[in-house]
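Let the sequences and hints guide you as you build the complete structure.
Quick note: the sequence shown uses numbering that gives the first Met the number 0, first residue 0, plus one each step.
These are calculated hints, taken from the structure and not from any lab test. Mixed in with the good hints, there may be bad ones.
Once the Cα atoms are required to be at most 25 angstroms apart in a straight line, the calculated DMTMM-like pairs of lysine to aspartate or glutamate come out as [as the list claims (entries may be wrong)]:
hint: 1; residue 1: 31; residue 2: 74
hint: 2; residue 1: 64; residue 2: 74
hint: 3; residue 1: 29; residue 2: 12
hint: 4; residue 1: 30; residue 2: 42
hint: 5; residue 1: 66; residue 2: 23
hint: 6; residue 1: 29; residue 2: 90
hint: 7; residue 1: 2; residue 2: 12
hint: 8; residue 1: 26; residue 2: 12
hint: 9; residue 1: 31; residue 2: 12
hint: 10; residue 1: 96; residue 2: 42
hint: 11; residue 1: 32; residue 2: 90
hint: 12; residue 1: 26; residue 2: 13
hint: 13; residue 1: 26; residue 2: 90
hint: 14; residue 1: 29; residue 2: 13
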Amino acid sequence: MLKISWTQKVTNEEVLRRVGCQRELWKTVKKKKVAYLHVLRHDRYRLLQLIMMGKVAGKRRIGRKRKSWLRNIREWTGIASAAQLFSLAREKENYQKLTANLH
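Below, the structure written as structure tokens:
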């Protein structure tokens, strides 16, 4: 197809650029994660809310803390605090704007 030999050192990004495609999987994962914030709007998801906020009792593992689901969303959206993110998720119109403008 592109006649790239297996001995050539061509990165995946370069091959995608030559073909004219972009990676869509990462964008899809981001949108799905952010779209899951809807559970913060309803009280029937109380257990799930506690899990998302990281308030489950237990011991922490040894070593570096893993990046949390919530921290990923805060970085992608540019929102500084979790409280702001939760209040935004409760406001349906602003929440929809947030999920639509994610890149």
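Handout entry: Those earlier numbered hints the structure runs against, lowest number first
Key = none
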